[in-house]
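Asker: These are the residues of each chain, in order.
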Amino acid sequence: MRKRAKILKFFDEISSKPILRYSVYFSAILFFLAIILVPPILGTALKWDLMTEVFNNPELMSRALNAIGFSFGIALFVSIIDLAAGIPTAWLIARGKSRWLNVLDTLCDLPFIIPTVALGYSLLLFWNSTYGISGIFGNSLVSPGWLLVILLHFVFSFPIVVRVMVGALLDYQYVYEEAARTLGASPVAAERTVTFPILKPSLIGAFVLAFARSISETGATIVVAGTFENGAIFIANMNTPESQAQFGQGPLVFASLMLILIAVVIFAIIQLLGTKMKIPIKRMSPTFERKLSGRKVVSLRDSATLFTLFVLILIPALFVSASAFPALLDGTLNSALASEGVWQEFWQSLVLSYFIGFVATLINVVMGLPMAILIARKRLGKTVSAFFDVLVNIPIIVPSVALGVSLGLFWRNLPFIPELWLIIFAHISITYPYFVKSLTAAITRVDVEIENAARILGARPFAVFRTIIMPLVKYSFFAGAIIMFTRSVSETGATVAVAAELQTVPVLLVGWIKPLLNSDVVGMSFAVGLGCGFLILFSIIILLVLRLMIRGRGRY
Amino acid sequence: MPEVKVVGLTKTFGNGKIVAVDNVSLEVHDKEYVALVGPSGCGKTTLLRLIAGLIQPDKGEIYIDDVRVNKVPPEDRGIGFVFQTYALFPHMDVWDNVTYGPRIKALDEKKAAALGRETLEMMLLYERSDAFPHELSGGMMQRVAVARALAAGAKLLLLDEPLGALDAKIRNELRYEIRRLVKDLELTAIHVTHDQGEAMAISDRIAVMRKGKILQVGSPHELYMNPEHLFVANFIGESNFLEGYVADTKENLAKIRLRGNLIVYASNAKDRQKDERIALAVRPEALTLERGWKKAHNSIQGNIGEVSFEGTTTRYEVVLPNEDKIIVTKPSLAEEPFEVGEKVTASFQPEKSHIFPYPRRGLMEELKLE
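Protein sequences appear in the order of chains A and B.
All residue numbers for the first sequence refer to this note's numbering, where the first residue is 1 and numbers rise by one.
All residue numbers for the second sequence refer to this note's numbering, where the first residue is 557 and numbers rise by one.
Because the hints were derived from the structure by calculation, they are not lab data.
Heads up, a few of these hints could be off.
Said to hold, decoys possible - With beta-carbon atoms standing in for the labels, derived distance ranges:
no., chain 1, residue 1, chain 2, residue 2, range
1, B, VAL563, A, VAL390, 52 to 62 Å
2, A, VAL297, B, ASP622, 29 to 39 Å
3, B, ASP622, A, LYS296, 25 to 35 Å
4, A, LEU107, B, GLU794, 51 to 61 Å
5, B, ALA669, A, PHE288, 19 to 29 Å
Claimed, not checked - Distance condition first, Cα-Cα at most 20 Å in a straight line; then the derived EDC-like pairs of lysine to aspartate or glutamate:
no., chain 1, residue 1, chain 2, residue 2
6, A, LYS278, B, ASP652
7, B, LYS767, B, ASP578
8, A, LYS276, B, ASP614
9, B, LYS627, A, GLU177
10, A, LYS278, B, ASP649
11, A, LYS276, B, ASP578
12, A, LYS97, B, ASP649
Said to hold, decoys possible - Partial chain B-side listing against chain A, Cβ under 7 Å, derived:
no., residue
13, ALA608
14, GLU631
15, PHE645
16, ILE660
For every residue, glycine included, the Cβ atom is placed at its ideal position computed from N, Cα and C.
Start from the sequences and build out the full structure, keeping to the hints where you can.
Answerer: Dropping the structure here:
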């Protein structure tokens, strides 16, 4: 204990030296620029001349543009239905009075912690195979293709919208709505004219996150897409050795660059229009809105919300467990535990996935923390902080598969970097913003006067951080770390793009599932079910352990 | 015209564990300005929110203009509510905030604009129509909040600590402005405040609340001159409380034996009996101070313990021979100030004192504000 106190005192003491403090901030900036921001941009930008291969092949060009168009079309559609379904769900959770809503709140997070490949296979089984809902109809209800892609993207992006909107509604000062009611507005009118306009930044934020998540997703989309091709699948298809031999790297560079550019332009437009767009309070229809506020309509809305949540999201998402249970009895489990045949590869991939997730999370925590403080506390002035606050969003809005291609192209120029580190760099890039954004928001919420009070009482800067800031932002700190870890473990697109030999578990599972997709109605593989089951089980265990760790550290 | 009546109103929170409003009945007459006062957590804001329909009572009835409104939503109660934080819509400018009421009720655009202009001009805010709430001072925001409630056509104004967030000088100015407005427009107003000075200055009647109950309702003068409870005597104005027994009674006068065998006479309007344990209340401003120890009528000798100069008045703490302490306030300009340690004689007229039965839970507990 004395040694620990000595070490802490040493760090407390040296944190007073401005040169050291600023060295930490500049290291964080350098890390951000060198590892996260520049490689994804330069990777494709440096190879732009390869795009002539696509310009000279109109058929390929048209295929690429169609695929990119589908990516944005589906993302737009999914984000809209996410808001339509997510807002009433969030409303029910945040405003409802039943104790069961806590359970509902937790259930909404389930699709988020299930690795997307497992999610894709689960949906395929539910909608397409005779083991699922199609069994009732005797034929495939939803075949692999664009509709199943939409259903899939809806399932995994829905929790993001619910999470953002529940947070926003809980933070929202209800007094504004009460004021509107006392001025004569019905509940629906008050929500339309006061609540939603005030929550507009959160609505835009939820839309952007859902949109970005849809654009980025690759692994699960491949599982459910069939012959349908969107931008991410196009890139994955063009990244195979056969395609490389036939078309070269041109289509990869073209599709990645287009996805990145269009995504950046769309997000810039959303940001610009979003702040200017006003929800009109004129032209009201008091009678109609009063009817909409009625108890019957509200009950109908809540019932539809619950129906959507269970039938379109939770049951399809958890359906994979149906194929995991038979595997426990038919000997598949024994083979898996004995690491026989393909299972040896599975366990290696699983260990690799968790190792990469752990390393990427650790590096981002160490390097993201000073960046979050720098932005939240404006350590290098308002302008610099605002500048980095915008820049850290870029990896979120850039489709991960395009990011992976770009990173691959960039880092392969430096052949001494091992493949394992290429994957780690890709995961660092993709997950970094989730941690920094979450922590920045939390630190901003801590009143700076509390920090000043601690300094006046004699605490050095590092002591202020570990005794005041950290206990207050601990929840967001760990929440950010958990999101990074789960996102890394389920990441497929960028991993496929940068890896040649190594296989993370989602990549391996995509390989297992692909042969099952050859027939019209997908077959059930107990091995795949069990593999997905293991992945879900371990993810839940790790999350539970982390949550217990957070709870064990005090009341914050 | 709005008259408000609540009968046996009860509201609990936390599965009935916290009784915020406990079987309260109150009548507010048309065009009357009533203040609900009491310490923090006494239930005054809950009562106001029940009247507004922002929360539902567990028991009891609420009538506005003789119509039972228990199940009427707030938007249909014809009220204006001014919130402590003002609750100005941050995404709307002053004009949109003030005309929100008429527009949300789909009033004709021209009429809505005329109402907005009229109200803003009345509140001297028309020039700031295009300002957003964050660009206004606290006083201006408060006036916009009142203007918004008035423009919505409210005849019953409910004000929840509307001046609480303002500094003392502006608070003093605005409280008279609000009262003048309410009276000029012939509105009915219920005003929640924890500041008894504010309540006394603006209201026709005051309801003093404590622990969810209304202890006494009356005009500011009635409450000050004839408090019916120890708590009211302490909360409305200020009082010295001395413990003792009724040694003898004669007509409307009681002879009180204080601790240390000190004898004083007090008004016995409530007919206390001989040997009854009592608490004697005398207001600091009802006491006169003379230099030296004198055998004056109805007086107690003591020494000045502390002196606090408060501008208009000076506050003296007098330590009695029985070690009790009383407070005496004197106009600062009236006489030479007393010095700490100086011998003094404090006296009072019996009719300016009040006798209360000694509370079962003890004096300190009865006077506690929490």
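Asker: Each hint should be assessed against the structure and marked as holding or not.
Answerer: Against the structure, the hints:
1. B:VAL563 x A:VAL390: 52 to 62 Å: holds (59 Å)
2. A:VAL297 x B:ASP622: 29 to 39 Å: holds (31 Å)
3. B:ASP622 x A:LYS296: 25 to 35 Å: For LYS296 (chain A) against ASP622 (chain B), whose Cβ atoms are near 30 Å apart, the range 25 to 35 Å holds.
4. A:LEU107 x B:GLU794: 51 to 61 Å: holds (58 Å)
5. B:ALA669 x A:PHE288: 19 to 29 Å: holds (24 Å)
6. A:LYS278 x B:ASP652: The hint holds at about 13 Å.
7. B:LYS767 x B:ASP578: holds (8 Å)
8. A:LYS276 x B:ASP614: Violated, at about 45 Å.
9. B:LYS627 x A:GLU177: OK: LYS627 (chain B) and GLU177 (chain A) at ~19 Å, within 20 Å.
10. A:LYS278 x B:ASP649: holds (13 Å)
11. A:LYS276 x B:ASP578: Given pair LYS276 (chain A), ASP578 (chain B) is violated - Cα atoms ~49 Å apart, limit 20 Å.
12. A:LYS97 x B:ASP649: violated (34 Å)
13. ALA608: holds (6 Å)
14. GLU631: holds (5 Å)
15. PHE645: holds (6 Å)
16. ILE660: holds (4 Å)
Going down the numbered hints, you'll see the structure goes against 8, 11 and 12, while the others check out.
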